[in-house]
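Novice: Below, each chain spelled out in residue letters.
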Amino acid sequence: MENIHYLEEQFQARIDKGERIEPRDWMPEKYRKTHIRQISQHAHSEIVGMLPEGNWITRAPSLRRKVGLLAKVQDEAGHGLYLYSAAETLGISRDEMTMQLLTGKAKYSSIFNYPTLSWADIGAIGWLVDGAAIINQVMLTRTSYGPYARAMVRICKEESFHQRQGYEIMLTLCKGSEAQKAMAQDALNRFWWPSLMMFGPRDEDSPNTAQSVKWKIKRQTNDELRQRFVDITAPQADYLGITIPDPDLKWNEERGHYDFGKIDWEEFWQVVKGNGPCNKERIAARTDAWEEGKWVREAALAYAAKQAQAVEVKQAV
Amino acid sequence: MSNKTKANNEWPLFEVFIRSKNGLEHRHAGSLHAADASMAIENARDVYTRRQEGVSIWVVESKHIAASNPESSEALFDPAEDKVYRHPTFYELPIELKHI
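Sequence order for the protein chains is C and U.
Start counting the first sequence at 1; every next residue gets the next number (the working numbering).
Start counting the second sequence at 1001; every next residue gets the next number (the working numbering).
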């Protein structure tokens, strides 16, 4: 017991010095578990996040938009893979993580449980959802666990194109006809509040934040990141000439920040608990992909085994 | 590479190394699952070189990598700490001397 206590103190001292923790280093069990939960949740979000956008690939309004959206969705698959690999270094298998997603044991970002009803939603997602994700992910490039931080560096390099393609879609719609501008406004109306919820519960309702900050898993709190997002995004909405659906949103000279209205946390918890508009549809799509891909996974393994055997026979002859 | 929970029929894990351009070494990029080495190279191409990050890929099954144990780090690496005579600045020469 005393030994554990000593190891934990040494571990904290390494974190305080700004050292990174690598897979084979000793770490408290809770540090490991917290990371498995957070990294796998992040990976699942990338994978489930492909679904609402995939919905519009075949209906993109031009080839330019289509190749951009395809590339973005492909990046998200890649980001999911970087993150799953990072989580695997902590001793959980890929299949186990998949099972946790499909059985509902593991969560993913609640934003992906909202439907994409119009093409403007693709613009709003790139601008707002990827914008919010970038703020979180830039912080995470400095997180204390090495493989997670490295995955984040790679992701952040690729992510800025996602946000720009989204904003360009919004800008084009806002410069278009009245109907197109109304479409952009409608997408903003529906995605604004869920985007703010992406940063997670308020600091006072987030009991794990203190420990996460101490271990440098997070380096800023949910509310700090949310404020940063609002400050960055409000002028971008002004530039588009559309209105953020919050009557309380206004610049506060004294604070040097935007004030904004109250978030409907009841909605957030409902969606987290599985009662959002698309929760069931998303998990059903992932379950289908997993089950229908089973024979492919098995066939590839059987083929690889056969090839290996053929090589052995050749060498023996 | 750590103590994995046992999974049924999971494709093996490969470590991926990428040469970003000729003249530079292959560097560890990350890892991925594949049924065999040739599939690992194809997957690595899609996962790690979507933006011309590489001109050459190495893959090796993760289980073939032997790694030093962090617990022996002191024994392995600390002895180098007090060997300052392995660095050029240890040797005192007059500053007017050039090209040395």
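Heads up, a few of these hints could be off.
[What the hints assert, rightly or not] Some chain C residues near chain U, calculated using beta-carbon distances under 10 Å: (1) 28; (2) 29; (3) 157; (4) 160; (5) 261; (6) 264; (7) 297; (8) 305.
[Stated by the list, open to error] The calculated DSS-like cross-link candidates involving lysine-lysine, where the alpha carbons are at most 30 Å apart (straight line), are: (9) U/1021 <-> C/294; (10) U/1098 <-> C/157; (11) C/216 <-> C/157; (12) U/1021 <-> C/306.
Simulated from the structure, these hints should not be mistaken for laboratory data.
Backbone N, C-alpha and C fix where the C-beta goes; we use that ideal spot for every residue, glycine too.
Novice: Each hint should be assessed against the structure and marked as holding or not.
Specialist: We went through each hint and held it up to the structure:
no.: 1; hint: 28; result: 15 Å, violated
no.: 2; hint: 29; result: 13 Å, violated
no.: 3; hint: 157; result: 8 Å, holds
no.: 4; hint: 160; result: 12 Å, violated
no.: 5; hint: 261; result: 40 Å, violated
no.: 6; hint: 264; result: 38 Å, violated
no.: 7; hint: 297; result: 7 Å, holds
no.: 8; hint: 305; result: 9 Å, holds
no.: 9; hint: U/1021 <-> C/294; result: 37 Å, violated
no.: 10; hint: U/1098 <-> C/157; result: 43 Å, violated
no.: 11; hint: C/216 <-> C/157; result: 22 Å, holds
no.: 12; hint: U/1021 <-> C/306; result: 35 Å, violated
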